[in-house]
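Participant: Sequence:
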Amino acid sequence: METTTFDNDQAALDAALAAAGQLGELTAAAAPAALERGVAIARIVAHFDPEPVAVAGTLLQALGSGAPLPPALVERVAPAAVRAFAASLDRLGRLDLASPVRDSAAAPALSASQAEALRRMLLAVVSDPRLVLARLAEQLWLLRAARRAEPPERRRLAQQTHDLYAPLANRLGLALLKWELEDYAFRYLEPDEYRRIAESLAERRADRERYIEELKQALERELGAAGIAAEVQGRPKHIYSIWRKMTKKGLRFEQVFDVRAVRVLVDGVAQCYAALGIVHGLWSYLPGEFDDYIATPKLNGYRSIHTAVHGPGGRTVEVQIRTREMHDKAELGVAAHWRYKEGGQRDAGVERKLEQLRALLVPQRDEGDGLLDRVAASLFREHVYVFSPKGDVVELPEGATPLDFAYHVHTNLGHRCRGARVDGRMMPLDLPLVNGVTVEIISGREPQPSRDWLVESLGFLATRSARAKVRSWFRAIDHDEHERAGRTILEREFGRRGGGPPPPVDEVARLLGYESAEALYVALGAGDLSGAQLGAALQRRERALAPPAPGTADIAAQGTQQSASGVRVMGVADLLSHYARCCGPVPPEPIEGYVTLGRGMTIHRASCRNLARMRAHEPQRVLPVAWGADREQLYPVEFSVLAFDRRGLVRDVSGVLADAKMSIERMTTATQAAERTAEMRVAVRVHDLAELDAVLARITGLTDVLRVQRR
Numbered sequence: 001m002e003t004t005t006f007d008n009d010q011a012a013l014d015a016a017l018a019a020a021g022q023l024g025e026l027t028a029a030a031a032p033a034a035l036e037r038g039v040a041i042a043r044i045v046a047h048f049d050p051e052p053v054a055v056a057g058t059l060l061q062a063l064g065s066g067a068p069l070p071p072a073l074v075e076r077v078a079p080a081a082v083r084a085f086a087a088s089l090d091r092l093g094r095l096d097l098a099s100p101v102r103d104s105a106a107a108p109a110l111s112a113s114q115a116e117a118l119r120r121m122l123l124a125v126v127s128d129p130r131l132v133l134a135r136l137a138e139q140l141w142l143l144r145a146a147r148r149a150e151p152p153e154r155r156r157l158a159q160q161t162h163d164l165y166a167p168l169a170n171r172l173g174l175a176l177l178k179w180e181l182e183d184y185a186f187r188y189l190e191p192d193e194y195r196r197i198a199e200s201l202a203e204r205r206a207d208r209e210r211y212i213e214e215l216k217q218a219l220e221r222e223l224g225a226a227g228i229a230a231e232v233q234g235r236p237k238h239i240y241s242i243w244r245k246m247t248k249k250g251l252r253f254e255q256v257f258d259v260r261a262v263r264v265l266v267d268g269v270a271q272c273y274a275a276l277g278i279v280h281g282l283w284s285y286l287p288g289e290f291d292d293y294i295a296t297p298k299l300n301g302y303r304s305i306h307t308a309v310h311g312p313g314g315r316t317v318e319v320q321i322r323t324r325e326m327h328d329k330a331e332l333g334v335a336a337h338w339r340y341k342e343g344g345q346r347d348a349g350v351e352r353k354l355e356q357l358r359a360l361l362v363p364q365r366d367e368g369d370g371l372l373d374r375v376a377a378s379l380f381r382e383h384v385y386v387f388s389p390k391g392d393v394v395e396l397p398e399g400a401t402p403l404d405f406a407y408h409v410h411t412n413l414g415h416r417c418r419g420a421r422v423d424g425r426m427m428p429l430d431l432p433l434v435n436g437v438t439v440e441i442i443s444g445r446e447p448q449p450s451r452d453w454l455v456e457s458l459g460f461l462a463t464r465s466a467r468a469k470v471r472s473w474f475r476a477i478d479h480d481e482h483e484r485a486g487r488t489i490l491e492r493e494f495g496r497r498g499g500g501p502p503p504p505v506d507e508v509a510r511l512l513g514y515e516s517a518e519a520l521y522v523a524l525g526a527g528d529l530s531g532a533q534l535g536a537a538l539q540r541r542e543r544a545l546a547p548p549a550p551g552t553a554d555i556a557a558q559g560t561q562q563s564a565s566g567v568r569v570m571g572v573a574d575l576l577s578h579y580a581r582c583c584g585p586v587p588p589e590p591i592e593g594y595v596t597l598g599r600g601m602t603i604h605r606a607s608c609r610n611l612a613r614m615r616a617h618e619p620q621r622v623l624p625v626a627w628g629a630d631r632e633q634l635y636p637v638e639f640s641v642l643a644f645d646r647r648g649l650v651r652d653v654s655g656v657l658a659d660a661k662m663s664i665e666r667m668t669t670a671t672q673a674a675e676r677t678a679e680m681r682v683a684v685r686v687h688d689l690a691e692l693d694a695v696l697a698r699i700t701g702l703t704d705v706l707r708v709q710r711r
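Its first residue numbered 1, the sequence shown is counted upward by one per residue in my numbering.
The set of hints was computed from the structure by calculation and includes no laboratory data. There's no promise every hint is true.
What the hints assert, rightly or not - Below, computed lysine to any residue pairings styled on SDA-like, alpha-carbon distance capped at 25 Å:
(1) Lys-216 - Ala-229
(2) Lys-216 - Tyr-293
(3) Lys-298 - His-280
(4) Lys-248 - Arg-324
(5) Lys-661 - Arg-685
(6) Lys-248 - Lys-216
(7) Lys-390 - Glu-456
(8) Lys-661 - Arg-621
(9) Lys-661 - Leu-642
(10) Lys-245 - Pro-287
(11) Lys-245 - Tyr-293
(12) Lys-298 - Arg-324
(13) Lys-249 - Tyr-293
(14) Lys-249 - Arg-324
(15) Lys-248 - Thr-323
(16) Lys-661 - Arg-681
(17) Lys-469 - Thr-703
(18) Lys-469 - Tyr-514
(19) Lys-661 - Glu-632
As the list claims (entries may be wrong) - Okay, the calculated beta carbon distance ranges per label pair:
(20) Arg-76 - Ser-516: 32 to 42 Å
(21) Leu-623 - Glu-515: 39 to 49 Å
(22) Glu-456 - Arg-147: 50 to 60 Å
(23) Ala-80 - Leu-706: 25 to 35 Å
Every residue gets a Cβ at the ideal spot worked out from N, C-alpha and C, and that includes glycine.
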């Protein structure tokens, strides 16, 4: 295998040794094998990014990969930034595939831990590519060291590299790493094919090098005569790319034109096209073998002109033409962005990260079987990745909104959120975000969350953590305001449940686990306790307090029959009965019967005020009754809805009843123009109180509804 450039980079070696000197005592404390490994990996990283933090952080992590280093010594010797980089590299982990997944058709071939490791690695491509660079450098070191390993271990590493690490290097634009990773993987997976091509290259090397040298001299003369300052280089030969082209196009080794290849480096884009004209003027080009990646760059940012010509003697030659800056970026990939200024463009960093994110999520045409694309699609399906104005990548659950983003960035920013710009345009706070957008929060001076944000049906917040922060804010604001709001909610719930005196508030508070009525009010006002939870507790209380039906055993012995109205009349069989319209009892509420003159028995709730008045005058007419066992029986009930008048109000209320498959007996609406309100009166039939409570709770949550009260 021909040696790649960064192995001959003395500056990279010096940077790695300088990092070892910076960590002096730590390198002395590490095992010699760990030190040798660390310097080798740091040297590869330094070729792409000589910045001391990345080089020293990579070395520090490698030193501790064997026997752990003393934490106190690490704290004292290593700078904080270096320790932070090494810790991030540790958290990134490695993707160790226990078995090949090359032929897998879907992501489930990865275990849960492997999938999470890959997800972290892919996210690091966007958030801090240097971490992935360090992992790729380590993978290359492992491949080199595997020459002395057993064949199964070599094949395992090679399969990982082919499927995931080489495609990652490609997406980072790290051409030198990608080529060597691919060549090692090919060498271990297809040793016979690798050896055949390597021998063919070796047999013709002298002739090929002499031919390339003559072609370079001829091309340099013509470029110089045209006034183009250019450097012409022979291009390295990568065995895997030769084999792939032979396989893809069905060619013999002699027919692969880029076995002979040169690269032309010039100062500017205009000179690239001028040099292309000279190349095509000297030699005829091969149709179908021209690609202009300057006009249309690859997704990983690669830019160059590729052409193939019939060179001297009719032999095919590939020619690449690019500027020197394009060449550095092609060789160094994302690392080149740290070596070049961004030209003062404020959003250049954000745009670069956006391109990298798209490169992650958009399939790459030149990555073979595309396993990485299939796995990435599965890993990112339940998440959305957006950018802050500073270019930071923010991971949110699918369906998250700009308001979720604000609370994720900082709790106080969420509290002060008034609006949002998505990719520069004003957007609603309940808009679900999509991958790759930039979100900017417009904030006020003072925190002012809205209680509407806690209503799930309105869609402002998709994350539990954000809703918890909103609830916490309301819990922390004015105690008196919470208490007043809670009193209103409690009174509304008591009113919705209809006739009879309300239960003592202290008793309801204890039933729900609160120490006092005041604590109950505050919990209701702060949103910690919902109206539905309160209603369910009141229903449990009514069931617990329902008196046992007297004489039930005697009636059973007498063979009492169930009346058509769904109640058992104690001591009287087949007595005509009907339900009182004043209170509309529903199972399992406690009930009693009142014997009328000529109309049989009227069934009331035991707490009905009308029944209490009649009992006071004629107690002998009040008889004990109990609900029957027929679960399919429907019972009439009426309730009212007070809301701000708006279009669609009747439709929304009817929709709730229709969703609950509830039979509507009657519905009337009266509006108050002066107050801009509407009051609806609705008569329905229900199976029991739980069904009624659930429907009334849903109607209470509708937009603009002020009060829902059972009549």
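Participant: For every hint, state whether the structure bears it out.
Facilitator: Results for each hint:
1. Lys-216 - Ala-229: holds (14 Å)
2. Lys-216 - Tyr-293: holds (23 Å)
3. Lys-298 - His-280: At roughly 24 Å apart (the allowed maximum being 25 Å), His-280 and Lys-298 satisfy the hint.
4. Lys-248 - Arg-324: The given pair, whose Cα atoms are some 31 Å apart, is violated under the 25 Å limit.
5. Lys-661 - Arg-685: holds (10 Å)
6. Lys-248 - Lys-216: Judged against 25 Å, a Cα distance of about 29 Å means the pair is violated.
7. Lys-390 - Glu-456: violated (30 Å)
8. Lys-661 - Arg-621: violated (37 Å)
9. Lys-661 - Leu-642: Cα-Cα ~22 Å, so holds.
10. Lys-245 - Pro-287: holds (17 Å)
11. Lys-245 - Tyr-293: holds (19 Å)
12. Lys-298 - Arg-324: Measuring from Cα to Cα gives roughly 18 Å; hence the hint holds.
13. Lys-249 - Tyr-293: Given that 25 Å is the threshold and the Cα spacing comes to 21 Å, the pair holds.
14. Lys-249 - Arg-324: Violated: Lys-249 and Arg-324 sit about 31 Å apart, past 25 Å.
15. Lys-248 - Thr-323: violated (30 Å)
16. Lys-661 - Arg-681: holds (18 Å)
17. Lys-469 - Thr-703: The given pair, whose Cα atoms are some 23 Å apart, holds under the 25 Å limit.
18. Lys-469 - Tyr-514: Holds - the C-alpha atoms of Tyr-514 and Lys-469 are around 22 Å apart, at most 25 Å.
19. Lys-661 - Glu-632: At roughly 13 Å apart (the allowed maximum being 25 Å), Glu-632 and Lys-661 satisfy the hint.
20. Arg-76 - Ser-516: 32 to 42 Å: About 55 Å separates the Cβ atoms of Arg-76 and Ser-516, which means 32 to 42 Å is violated.
21. Leu-623 - Glu-515: 39 to 49 Å: With Cβ atoms ~41 Å apart, the hint holds.
22. Glu-456 - Arg-147: 50 to 60 Å: Holds, at about 59 Å.
23. Ala-80 - Leu-706: 25 to 35 Å: violated (57 Å)
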